[in-house]
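*Asks:* Sequence:
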Amino acid sequence: MRWCVSIGAVLVAGAMLGGDVTSVAATGLKPQWAQSKPEPVVDVELVLAVDVSYSMDMDELAIQREGYAQAIVSKEFLAALKTGPNGKIAVTYFEWAAANDQKVVIPWRVIDGPESADAVAAEIMKAPIRRASRTSISGAINYAMPLFEENALRGMRRVIDISGDGPNNNGGPVTIARDAAVEKGIIINGLPIMAKELSYSTMDIENLDWYYEDCVIGGPGSFVVPIKERDKFKEAIRTKLVMEVAGIALPYAKIIPAAAREPRVNCMVGEKIWQDRWGR
Numbered sequence: 001m002r003w004c005v006s007i008g009a010v011l012v013a014g015a016m017l018g019g020d021v022t023s024v025a026a027t028g029l030k031p032q033w034a035q036s037k038p039e040p041v042v043d044v045e046l047v048l049a050v051d052v053s054y055s056m057d058m059d060e061l062a063i064q065r066e067g068y069a070q071a072i073v074s075k076e077f078l079a080a081l082k083t084g085p086n087g088k089i090a091v092t093y094f095e096w097a098a099a100n101d102q103k104v105v106i107p108w109r110v111i112d113g114p115e116s117a118d119a120v121a122a123e124i125m126k127a128p129i130r131r132a133s134r135t136s137i138s139g140a141i142n143y144a145m146p147l148f149e150e151n152a153l154r155g156m157r158r159v160i161d162i163s164g165d166g167p168n169n170n171g172g173p174v175t176i177a178r179d180a181a182v183e184k185g186i187i188i189n190g191l192p193i194m195a196k197e198l199s200y201s202t203m204d205i206e207n208l209d210w211y212y213e214d215c216v217i218g219g220p221g222s223f224v225v226p227i228k229e230r231d232k233f234k235e236a237i238r239t240k241l242v243m244e245v246a247g248i249a250l251p252y253a254k255i256i257p258a259a260a261r262e263p264r265v266n267c268m269v270g271e272k273i274w275q276d277r278w279g280r
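Under the UniProt record's numbering, the first residue of the sequence shown is numbered 1, with each subsequent residue one higher.
A portion of the hints provided could be inaccurate.
[What the hints assert, rightly or not] Mimicking DMTMM-like on lysine to aspartate or glutamate, the simulated pairs with C-alpha atoms at most 25 Å apart in a straight line are:
| no. | residue 1 | residue 2 |
| --- | --- | --- |
| 1 | K272 | D204 |
| 2 | K88 | E235 |
| 3 | K232 | E149 |
| 4 | K82 | E60 |
| 5 | K88 | E76 |
| 6 | K272 | D57 |
| 7 | K184 | E60 |
| 8 | K228 | E149 |
| 9 | K88 | D59 |
| 10 | K126 | E262 |
| 11 | K232 | E262 |
| 12 | K234 | E123 |
| 13 | K228 | D209 |
| 14 | K126 | D57 |
| 15 | K234 | E149 |
| 16 | K234 | D59 |
| 17 | K232 | E76 |
| 18 | K184 | D204 |
| 19 | K75 | E115 |
| 20 | K184 | E123 |
| 21 | K272 | D214 |
| 22 | K234 | E262 |
[What the hints assert, rightly or not] Per label pair, the in silico range of CB-to-CB distance:
| no. | residue 1 | residue 2 | range |
| --- | --- | --- | --- |
| 23 | E66 | E262 | 35 to 41 Å |
| 24 | V110 | M58 | 37 to 43 Å |
| 25 | P114 | N207 | 19 to 25 Å |
Everything labelled a hint here was simulated from the structure, so no lab data went into it. Ideal placement from N, C-alpha and C gives every residue a C-beta, glycine not left out.
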């Protein structure tokens, strides 16, 4: 589901619901990972998976990095923290490109207020910017899933937040990785970056937001916040993070595996373009 919503509306809805909104509440089912774990001590375990493939220019990478850092210290994000019953989240941030190219920039950190938010934002900005070849959204999802088992904290929700500017063209099919994560009770949200003019000499595709909606995101209440203008980059990142922290339960929230619907976009389009152009 694509979302265009004000941050104020998100916070109001979260406050009205008392912040007690989880994937469990949305489905009425207790995920398998939660059945044998201690009671939650954070509201969200949030994995930020950030595209650093060569299709992202250096300016985009810098704006993306600044967007996450500024979002985490924003008054809207800090207000969203207060809507949860625990008032804190756990977050980790990694960059990805090819199927075997992922790098953790920020290991698991707890954010519970301005001081810890400032520290995480400073860590994000301190790391050097890098670029790498290929685009493997499936690789990013597969890398993200075990990260939830590596921290000692337990959240009411587990969320993978993926940003990227193109379709999967490396590694396994994205829908297989997506469905595996959803099966584990993990929610995947997307930030498709569509701020540049479409170039058919690259791996760009039309309707990248549709691709993310139909092929990438999944789980109860999952959503897409597309970026179609460069000057909206930071605002979109902030809106997405506020929505994830506030954890609004949506009336249509349900798990829809790839096999249960007909995508508007070919979920193997990236692999097909790569094969047609380079034959491998």
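*Asks:* Now tell me, hint by hint, if it's right for this structure.
*Replies:* Evaluation of the provided hints:
In summary, the hint linking K272 to D204 is supported, as the alpha carbons are separated by about 12 Å, within the 25 Å threshold. For a cut-off of 25 Å, the pair hint linking K88 to E235 stands: about 22 Å separates their Cα positions. Taken as a hint, the K232 and E149 pair is broken in the structure, with Cα atoms around 34 Å apart against an allowance of 25 Å. A C-alpha spacing of about 31 Å is found between K82 and E60, which places the hinted pair above 25 Å, so the restraint is violated.
Restraint check for K88 and E76: satisfied, since their Cα atoms lie roughly 14 Å apart, inside the 25 Å limit. With a C-alpha separation of about 23 Å, the suggested pair K272 and D57 falls inside the 25 Å cut-off, and the hint holds. At most 25 Å may separate the alpha-carbon atoms for a hinted pair to count; K184 and E60 exceed this at roughly 32 Å. Straight-line distance between C-alpha atoms of K228 and E149 comes to about 35 Å, which puts the hinted pair past the 25 Å bound.
For a cut-off of 25 Å, the pair hint linking K88 to D59 is broken: about 32 Å separates their Cα positions. Taking the CA atoms of K126 and E262, the gap is about 43 Å. The hint is violated against a cut of 25 Å. Distance restraint check for K232 and E262: the Cα-Cα separation of roughly 31 Å exceeds the 25 Å cut-off, and the hinted pair is therefore not satisfied. Proximity of K234 to E123 is assessed by CA-CA distance (about 18 Å); at most 25 Å being required, the pair is judged to hold.
Taking the CA atoms of K228 and D209, the gap is near 10 Å; set against the 25 Å cutoff, the hint holds. At roughly 19 Å between alpha-carbon atoms, K126 and D57 fall within 25 Å of each other, so this suggested pair holds. Taken as a hint, the K234 and E149 pair is broken in the structure, with Cα atoms around 30 Å apart against an allowance of 25 Å. Of the pairs offered as hints, the one joining K234 and D59 holds, with about 13 Å between alpha carbons and a cut-off of 25 Å not exceeded.
Proposed proximity of K232 and E76 is supported: the alpha carbons are some 16 Å apart, at most 25 Å. Of the pairs offered as hints, the one joining K184 and D204 is violated, with about 31 Å between alpha carbons and a cut-off of 25 Å exceeded. This hinted pair checks out: K75 and E115 have alpha carbons roughly 13 Å apart, not beyond 25 Å. The straight-line distance between the Cα atoms of K184 and E123 is roughly 30 Å, outside the 25 Å bound, and the hint therefore fails.
A distance of roughly 17 Å separates the Cα atoms of K272 and D214; the hinted pair therefore holds under the 25 Å criterion. Simply put, K234 and E262 have alpha-carbon atoms about 32 Å apart, too far for the 25 Å limit, and the pair is violated. Taken as a hint, the range 35 to 41 Å holds for the pair E66 and E262, whose Cβ atoms sit roughly 38 Å apart. Our hint of 37 to 43 Å for V110 and M58 is violated, since their Cβ atoms are close to 31 Å apart.
Look at P114 against N207: about 39 Å separates their beta carbons, and that is not inside 19 to 25 Å.
Of the hints listed earlier, those the structure fails to meet are numbers 3, 4, 7, 8, 9, 10, 11, 15, 18, 20, 22, 24 and 25, in rising order.
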